[in-house]
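Colleague: As they're listed, the protein sequences go chains A and B.
Using my numbering, you'd call the opening residue of the first sequence number 20 and step up by one each time.
Using my numbering, you'd call the opening residue of the second sequence number 20 and step up by one each time.
Treat each hint with caution, since some may be false.
The list cannot tell twin chains apart, which means a pair is met if one copy fits it or any two copies do.
Using 27 Å as the maximum straight-line C-alpha spacing, the simulated DSS-like pairs for lysine-lysine come out as follows [unchecked claim]: (1) Lys121 <-> Lys332; (2) Lys168 <-> Lys268; (3) Lys168 <-> Lys121; (4) Lys271 <-> Lys161.
If you're looking for bench data, these hints aren't it; they were derived computationally from the structure.
The lines below spell out each chain.
There are 2 protein chains.
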Amino acid sequence: MARLSDIGEKGIVRSLVSMLTVSARLGPGDDAAAVELGDRYLVASTDMLWEGTHFHPRMSRWQRGWMAAAVNLSDIAAMGAQPLGLLLAMGLPADLDEGDVKGMVQGAADCCDAYGTDYLGGDTKECPQLVLAGASLGLVGKEGLLTRKGASRGDLLMMTGTAGMAAAGLLALELGIDENRAITALFEPQPRVKEGALLSASGVVTSCTDISDGLSTSLQELALASGTAFEVDRPSVPIGPDVERIALKAGKDPIDLALHGGGDYQLLFTIRPDGLDRVLDALGSDARVIGQCIGGNRNVLRSGGVRSELEPKGYEHFRR
Amino acid sequence: MARLSDIGEKGIVRSLVSMLTVSARLGPGDDAAAVELGDRYLVASTDMLWEGTHFHPRMSRWQRGWMAAAVNLSDIAAMGAQPLGLLLAMGLPADLDEGDVKGMVQGAADCCDAYGTDYLGGDTKECPQLVLAGASLGLVGKEGLLTRKGASRGDLLMMTGTAGMAAAGLLALELGIDENRAITALFEPQPRVKEGALLSASGVVTSCTDISDGLSTSLQELALASGTAFEVDRPSVPIGPDVERIALKAGKDPIDLALHGGGDYQLLFTIRPDGLDRVLDALGSDARVIGQCIGGNRNVLRSGGVRSELEPKGYEHFRR
Chain A
20 MARLSDIGEK
30 GIVRSLVSML
40 TVSARLGPGD
50 DAAAVELGDR
60 YLVASTDMLW
70 EGTHFHPRMS
80 RWQRGWMAAA
90 VNLSDIAAMG
100 AQPLGLLLAM
110 GLPADLDEGD
120 VKGMVQGAAD
130 CCDAYGTDYL
140 GGDTKECPQL
150 VLAGASLGLV
160 GKEGLLTRKG
170 ASRGDLLMMT
180 GTAGMAAAGL
190 LALELGIDEN
200 RAITALFEPQ
210 PRVKEGALLS
220 ASGVVTSCTD
230 ISDGLSTSLQ
240 ELALASGTAF
250 EVDRPSVPIG
260 PDVERIALKA
270 GKDPIDLALH
280 GGGDYQLLFT
290 IRPDGLDRVL
300 DALGSDARVI
310 GQCIGGNRNV
320 LRSGGVRSEL
330 EPKGYEHFRR
Chain B
20 MARLSDIGEK
30 GIVRSLVSML
40 TVSARLGPGD
50 DAAAVELGDR
60 YLVASTDMLW
70 EGTHFHPRMS
80 RWQRGWMAAA
90 VNLSDIAAMG
100 AQPLGLLLAM
110 GLPADLDEGD
120 VKGMVQGAAD
130 CCDAYGTDYL
140 GGDTKECPQL
150 VLAGASLGLV
160 GKEGLLTRKG
170 ASRGDLLMMT
180 GTAGMAAAGL
190 LALELGIDEN
200 RAITALFEPQ
210 PRVKEGALLS
220 ASGVVTSCTD
230 ISDGLSTSLQ
240 ELALASGTAF
250 EVDRPSVPIG
260 PDVERIALKA
270 GKDPIDLALH
280 GGGDYQLLFT
290 IRPDGLDRVL
300 DALGSDARVI
310 GQCIGGNRNV
320 LRSGGVRSEL
330 EPKGYEHFRR
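Bound-form chain A, shown alone (with noise of 0.2 Å):
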């Protein structure tokens, strides 16, 4: 069989997922599973994070809490749910203290209660490595669940917020680059729980993820889904200011921070071509066009008048 070094995280993902079959709504291989509750449905996932990947030596305890909570509850956000509560399962060296755990804990608490939901509860068990691993758990009305699967061509490709700021962050790091807010992005992840729940309510949206493995593999994860391609519109992809700057600084393109950087945790999601009104009613300037679904099963970046494959560069766990 083959390792997971060569299959990559992708490919073990999609291994499980065929092999399991489930009588909830929505199981395995989108940002959260869906489970019917009465009129609604129970949205649910976790996602574990470790010292070694994911937490930069900067962090401070109480921003590894945050991080652990916000990750979390951007994958409530992706379904277009209302979070319910959080549950943190924690693997801590022996030899940290009591303010180390209590900082983490105000930190995933903090995160909770900045996205009106509450810290449930967890778990504490000796590990040699720092690990968290939460669950997030939200509700959400039957028509209003958002899924990976449903983009279809003629469909508006858009986006939340600005691409590439926690890669620029982790560049600014890597550089020794005095760039606070970038790498604030980084350390504490906001995840668009209000922009979820309005794309939810809009009923237009025909497609939704979280952009945290970057834009350009979260575009794979919706094509893959949805069984379609998308087209990237290279000038309309939303670059900050900071993002630019530090580019610069780095000899970098801009641009592939935003396509290919990790860490961002906004929302990519599709709506029916007659639905844009309403998403800009919702969401206002936070949202943009940046491309739209095109049908095939290549996605493309279009600059100008020239397209090229756009191929999916972010994180992956496991590939070398």
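For chain A, the structure is supplied; the task is to place chain B on it using the hints.
Modeller: For chain B alone, kept in the frame of chain A given last:
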């Protein structure tokens, strides 16, 4: 501040519980949290297992997945709830192969199936150690929620099944004794999901927990949560013939395995003194009275006319 190795798992959990306020019906500090959902409670819990502490090298991949699911479903059972689904976040070493991962997920999915619920999904992340963090969800009618708090003087103390089987399995492994039934009990815990629901429906249960950390430690948790104490009648503690035989071979007293060994996942509960017939009607000989609630703040072990303090000596993380 104190190190985790000084204050132990119970200390840090109490410290964390005291800093958190939640609007949920029941937040951190019980087997699971409970959130109001119309006329029911959504019950949710998380439990993390990792290679070093929880998985014996002789466990198969399938058994590791089964165990991760089972210990999480046990928390739902202890609240009297019907399971609604399981999430499983996996931290995986990159040199595992696809078959290893599939084996674990199959074990978790088979456990869910055996207890009438769904494997809803999960997360895969690269991690130097194998870490499995489950989160379980359940539903229970508002009147049926079982918590650790509620035992009062005069209540009968009861448990399901027998005690010490998992500890005997561990002992057999350590001594290289061929005792497959006990070893299987250790590797493949059977959460008392049906029994939890029956106890919930009986209407006479005043407090409940599982005995995953050992009978004496779980008794202490019930006592602290309820603000009371218990007397355990030593001859009434149910000990199976496998435990007697393995203890004999190892030169140990079987009552020590039964009182202080972890990993049994039976339910420990108290009932109103007039409720015994109802419980025996529902659970039959699977449930036994092992003592009573005596008030005060010290748990006692009674053996004939001799009474001695029953201290919690179950497994505790971090404690050295």
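Colleague: Each hint should be assessed against the structure and marked as holding or not.
Modeller: Cross-check of the supplied hints:
no.: 1; hint: Lys121 <-> Lys332; verdict: between (36 Å within a copy, 26 Å between copies)
no.: 2; hint: Lys168 <-> Lys268; verdict: neither (39 Å within a copy, 59 Å between copies)
no.: 3; hint: Lys168 <-> Lys121; verdict: between (40 Å within a copy, 24 Å between copies)
no.: 4; hint: Lys271 <-> Lys161; verdict: neither (44 Å within a copy, 58 Å between copies)
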